[in-house]
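**Q** Residues per chain, in single letters:
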Amino acid sequence: MSTKNPIYMDYAATTPVDDRVARVMCECMTREGVFANPASSSHQPGRDARGRVETARRQVAELLNASPTEIVWTSGATESDNLALKGAAHRHSARGRHIVTSRTEHKAVLDTCKQLEQEGFEVTYLVPGSDGVITAELVAEAIRDDTLLVSIMHVNNEIGVTADIEDIGRLCRERHVLFHVDAAQSAGKLPLDVDAMCVDLMSVSAHKIYGPKGVGALYVRGQVGNRLEPLIHGGGHEWGMRSGTLATHQVVGMGEAFAIAQQEMDTESRRLTGLRHRLWDGIRGLGGVWLNGCPERRAAGLLNVSFEGVEGESLLFALRELAVSSGSACTSASREASYVLRALGRDDQLAQSSIRFSLGRYSTEADVDQCVEIVTREVNRLRGLAPEATADAARDWAV
Amino acid sequence: MSTKNPIYMDYAATTPVDDRVARVMCECMTREGVFANPASSSHQPGRDARGRVETARRQVAELLNASPTEIVWTSGATESDNLALKGAAHRHSARGRHIVTSRTEHKAVLDTCKQLEQEGFEVTYLVPGSDGVITAELVAEAIRDDTLLVSIMHVNNEIGVTADIEDIGRLCRERHVLFHVDAAQSAGKLPLDVDAMCVDLMSVSAHKIYGPKGVGALYVRGQVGNRLEPLIHGGGHEWGMRSGTLATHQVVGMGEAFAIAQQEMDTESRRLTGLRHRLWDGIRGLGGVWLNGCPERRAAGLLNVSFEGVEGESLLFALRELAVSSGSACTSASREASYVLRALGRDDQLAQSSIRFSLGRYSTEADVDQCVEIVTREVNRLRGLAPEATADAARDWAV
Amino acid sequence: MEDLSYSALVRERFEKPGNAGRLLGDVVTGMAGEKAHGTRVEFDFRLRDGRVERARFRAYGCPHTIAAASWVAEQAEGRDLEEQGWLDPHALADVLELPEYKLGVLLVVEDALRDATSKALRI
Amino acid sequence: MEDLSYSALVRERFEKPGNAGRLLGDVVTGMAGEKAHGTRVEFDFRLRDGRVERARFRAYGCPHTIAAASWVAEQAEGRDLEEQGWLDPHALADVLELPEYKLGVLLVVEDALRDATSKALRI
Ligand SMILES: Cc1ncc(COP(=O)(O)O)c(C=O)c1O
Ligand SMILES: Cc1ncc(COP(=O)(O)O)c(C=O)c1O
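Order-wise, the sequence lines are chains A, B, C and D.
Number 399 marks the last residue of the first sequence (this note's numbering); no jumps.
Number 399 marks the last residue of the second sequence (this note's numbering); no jumps.
Number 123 marks the last residue of the third sequence (this note's numbering); no jumps.
Number 123 marks the last residue of the fourth sequence (this note's numbering); no jumps.
Honestly, I wouldn't trust all of these hints.
Said to hold, decoys possible - Ranges between beta-carbon positions, derived for each pair:
no.	chain 1	residue 1	chain 2	residue 2	range
1	B	G288	A	D193	51 to 61 Å
2	D	R54	B	R381	13 to 23 Å
3	A	R95	B	E264	25 to 35 Å
4	D	H37	B	Y339	15 to 25 Å
5	D	Y101	B	Q118	24 to 34 Å
Unchecked claim - Here chain A is said to cover these stretches of chain C; the calculated rule only asks that three of the stretch's residues, wherever they fall, bring their Cβ under 8 Å from a Cβ of chain A:
no.	segment
6	54 to 68
7	78 to 84
These aren't lab readings, by the way, just hints derived from the structure by calculation.
Ideal placement from N, C-alpha and C gives every residue a C-beta, glycine not left out.
Next up, chain A with everything else stripped away, as it sits in the complex (with noise of 0.2 Å):
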C-alpha cells in the first residue's frame, strides 16, 4: 500500500492555493511584481502595492456584505478571534465584564476566553444538545444584564454543524450585546451577511478557502476608529486596530480567494452536498456507525463519523490512504478524545474513534468512491481482529 499520495479530505484543516490565487499572489512577490511595502507613501511602487491591498480589501468585503473600512487584516482567523474578543473586552469592559460561548468553539475562542478570565472576565460556557446546534434560546439564557460579548462559531470545524446565526444576532442587538462570529468555517462556503445576521465582529481567514495560510481579517463594524484595542502596537496601521507591514501577496491572495469563492458558492455548495451524501450513503452500509452533528444543518463538505468496535489510532493507521483528521489530538504520550464530541455527549471511546472527511473543490467522485472502498475494507478488517463486543464493549456502544 503507497501512503505517498493519500487522498486529501482534510479541507476543514486547510486547503491548497488555488492556482490562480496563486497566480496573482506570484505577481506580487518578487522583481518584476508589485512587491513594495504598502505603506510606503512615498513611491510609486509603494502606491501600486497599496492599490492592490485596498482593491483584496474590497473583495473581502463584499463576501461579508461589508464596508472596506471595517475590514482589519490580521495574519489569521486565530489573531482574529484573539483580537476581537481581547480587542473587544479590553476597549469596553465598562459595558460589563461577562462573555458567553460555547463549549464547542475553536480554541482560539476558548483559550482567549481563558485568558479573559485570568483577567477577571467571566465567561459562559454554553452546551449544545446532541445535534451540536447552539441556538438563540441557550444564548437567550445566558446573555445577563453584564453581558458584554457573545461570542458563537458560524460552522463548527469539527462537526460541520451551523449555529443560528441570525437569531442570536438578532437577540444580541435587542439586548445590546456586542456579537462576534467566528466565520473560518463558513467565509467562502455559505452566505454571510453581516448586517443580516447583526453581527459586530466577524473572523475570517483565507486558507479554509483556496488562499493562503497566514492571512486572515476581522470584520468590526462601524466607522474608522480605535473600536478595539489592538494586540499588536507599531505605527497604528489599519486604523490602529492591528500594526505592521501588511503582507500584499498575501491580502491580495485572499481577496482573489474570497472573489473565486463567492462567485462559485452556488454550484460548489451543491456539489459538495451531493459528494457528501454519496459518502456517508457509502460509510453507512458497514453499520454500527454513527453521524457526529445534526444531519441538516451543516456545511456542504464536512462529514464527522464514530465508528463503533475499531479503536481510534489503529483506525487513523489503517486509513492512511486518506488523508483526514481524527477525533482525537495525537499528542505522544496521552490521546485526548475531542472536547467537540465530548460536549456531545459522546463517550472518550467512541469520541476517538471517529474520523472527520471534509471534502472540497478538488474531490471528486472518485475520491469518494475510493475513500468508501478503503474505509469499508479497513474498518471491517480491524472489527475482524477485534473480540466480540462483550457486555463491556456494549455498553460503551450504547451512547
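Here the structure of chain A is known, so what remains is to put chains B, C and D with the ligands in place on it, guided by the hints.
**A** Below, chains B, C and D with the ligands without anything else, positioned relative to chain A:
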C-alpha cells in the same frame, strides 16, 4: 519623465522576494505541493508540511546561532517586538516594572512601550548623540534595580547606524536584566550571534532580506516552555507562545531567505558598502548636504541625507524617478518630521528635507550613477527656484 | 505525529497479523483489558501434551497492541505450558520499537497471556 | 500618499515653472512666509505706467506652492496695480485642484503678492 519604473532604492522598507525564495514558497502552496496544515499530524501530507516548517526553523536558528527550539514564528517583526516586550513584561513583572529603550526605536517598540506605560510600567527612552549611536554607557546610566528589560535595535531603520549590541548585552547579563534586540534591519546583513551578544530575545523579519512579507520570528532564549505570556492564544502552538496555523510557504520562504543571506552576507556586504560610498561621493558634490548618523558604524546599504535649501515634499516629488523614503511621514494633513532625525538634533525643516536611500541585492553601479545624476539635477533645480538664503534660512542651516 | 512512525515490524504485523482469529472446539481463552479503556486482548489456546499446539489472538487497540498480540500468539505456539515468563515486555518493546509511553499496552498483552496460561494449567 | 497625486496643472508648473527667477535693476520685491515653517514665496515686479510689466517668483515650498507662485507671477504680468483682489485663493485652489488642507500655502502666496503690490503702490 516616466515614473513607470522608478529605480528602487527603498530596500530598508521592504525587499522583493528573491526568485530562489519564491520558488520554494511556490512548492508549498498549490495542490501539487506541500500544502497541508503542518498541525495535521494525522496524515502524511501534514507531517510533510511540518518537516518543511522545521527545516526552515533550523535555517533561521542557524543565522542567529540559536537552537531551533528557541525560534517562535510570528507574522513579522512588529508582532515579534510586541510579543517580546509585552510577553516578557507580563510574564516577568515580578522582576520589576521598569523598561529601558531608546527614542530612535521602531514604532513597533515605541508604541508597545507606550501601551505598557498605560498598564503601569515605567519606560526610560534613551537619547543618542548626534551620531545616533546608542552606547552601553547610555544604557548603564538608565538601568535601575527594578529594570526588567532593555530593548535596543541593532541597526536603525532610518539612518542605518548600529548600536553597541555586544557591550549592552554584556551589561544586561551582569545586571540580570532581560535584553531584547530588534534585528529586523540587521538579520542577514550583519553577523548575528545571540550568545556572543548576550541577547535573550531577538526580533527578525523575512521581508527585509528577500523573504516574504507577513512572516517573522522571535528568538526566545532558553528551554522549551511558556517563557513569554502569549499575545495570541488558541491551541498552544509554538510552545504555547504563539497560536495559529503555521503558514508553511511563508516560513519556508523565510528559512530559504535566511540561508541565502547567510551564504552571501560577506560578499554582498562589501559590494553594498562600495555602492553606498559611490552614492555618497556623488551626492556630497552638491554641497549643502548632511549625512545623518555616524558615517562609520552603519549597515552596508543605507544612506540618509538631509538636503539644505529644498523643501521636503517638493524634493520627494522631484525625485519620483527614484523609489526612496523621505524624512517625513506623509499623512494627508500633517507632514510630521521623522522622530528619529529629530532625536539626532536635526530641526524639523531639515529633517523633512531628508531622503533615505537604501540599496540592496539588485542595486547596480548604473542605478547609483543614475541616482546621483537625478538628485544633482533636481536639487539644483529646486534650489534655483528658491529665494536666496535669508538670515532666517541661514539660521536653519546652522544645525 | 512523528510518534505515529511505526516500526517496520509493527507495520508488517498490523497489515498482516499472523495468528489472528479464533479457535473453535476445545480451547482455553485468556483475556485482559477493556475496550472502554482502549485496549482489549484475547488469546485462544488449543492444548496438546502440555503444550500450546495452536494459538490465536483477537485485539482491540492501537497498532502496537495488534502487532504485539500477533507476535505473542505466534511465539506461544509449541511452547511447554510449564515454561513461564518467556515473555519479557521490555524485550518485546525493543523488538517492536515501541515508544516508552506505550509499555502499558504490552502489559495488557502480557496479562492476557498469563490469563490463558493459568487457565490452561488449571485444566 | 494618494494625496501626492498632484493635478496635471500642478505637475506641469512644477516641472516647468513659468516666470521663475529674479528681475534685476529697478524692481520691487514682495515676500511672505519663512523657510523654517516650510513655505517662503517672493515676487519681483518691474513696473511701467502703473502696471506690472514683468513678474518673477521664487519659492521654497511644496509643489503646490511652486505651481501657485508661478501661476500668480504669470497672471500678475500686465495687470494694473490698482486692480486689487484679483487673486481669489479659493478659485486658485480649484484651478490647481488643491486638497483643502493645502489652502494655507495659497495664503502665503497671496501675502507675498499683497506685499509686492503694496510696495509698488508706495513708490
Ligand atoms: C472555526 C475556526 N476558527 C479559527 C481557526 C483558526 O484559523 P487560522 O488557522 O487562520 O489561525 C480555524 C482553523 O484553524 C477554525 O476552523
Ligand atoms: C527596525 C524595525 N523593526 C520592526 C519592523 C517591523 O517589521 P515588520 O514589517 O516585519 O512588521 C521594521 C520594518 O518595518 C523595522 O525596520
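**Q** Between G288 of chain B and D193 of chain A, does the C-beta distance stay in 51 to 61 Å?
**A** holds, 60 Å
**Q** If you look at each residue in the segment 54 to 68 of chain C, do at least three have a Cβ nearer than 8 Å to any Cβ of chain A?
**A** holds (count 8)
**Q** Is the coverage entry for the segment 78 to 84 of chain C by chain A consistent with the three-residue Cβ rule at 8 Å?
**A** With 0 residues in contact (Cβ-Cβ under 8 Å with chain A), the coverage given for the segment 78 to 84 of chain C is violated.
**Q** Just to be sure I understand the hint, the distance between the Cβ atoms of H37 of chain D and Y339 of chain B should be within 15 to 25 Å; is that true here?
**A** Holds: the Cβ-Cβ distance is about 19 Å, inside 15 to 25 Å.
**Q** Is the gap between the beta carbons of R54 of chain D and R381 of chain B within 13 to 23 Å?
**A** Holds, since R54 of chain D and R381 of chain B (Cβ atoms, about 22 Å apart) stay within the stated range.
**Q** Does the Cβ-Cβ separation between Y101 of chain D and Q118 of chain B fall within 24 to 34 Å?
**A** Holds - the Cβ-Cβ distance for Y101 of chain D and Q118 of chain B, about 30 Å, lies within 24 to 34 Å.
**Q** Quick check on a hinted range of 25 to 35 Å for R95 of chain A and E264 of chain B, using CB atoms only.
**A** For E264 of chain B against R95 of chain A, whose Cβ atoms are near 55 Å apart, the range 25 to 35 Å is violated.
In this structure, the earlier hints numbered 3 and 7 are contradicted, and the remaining ones agree with it.
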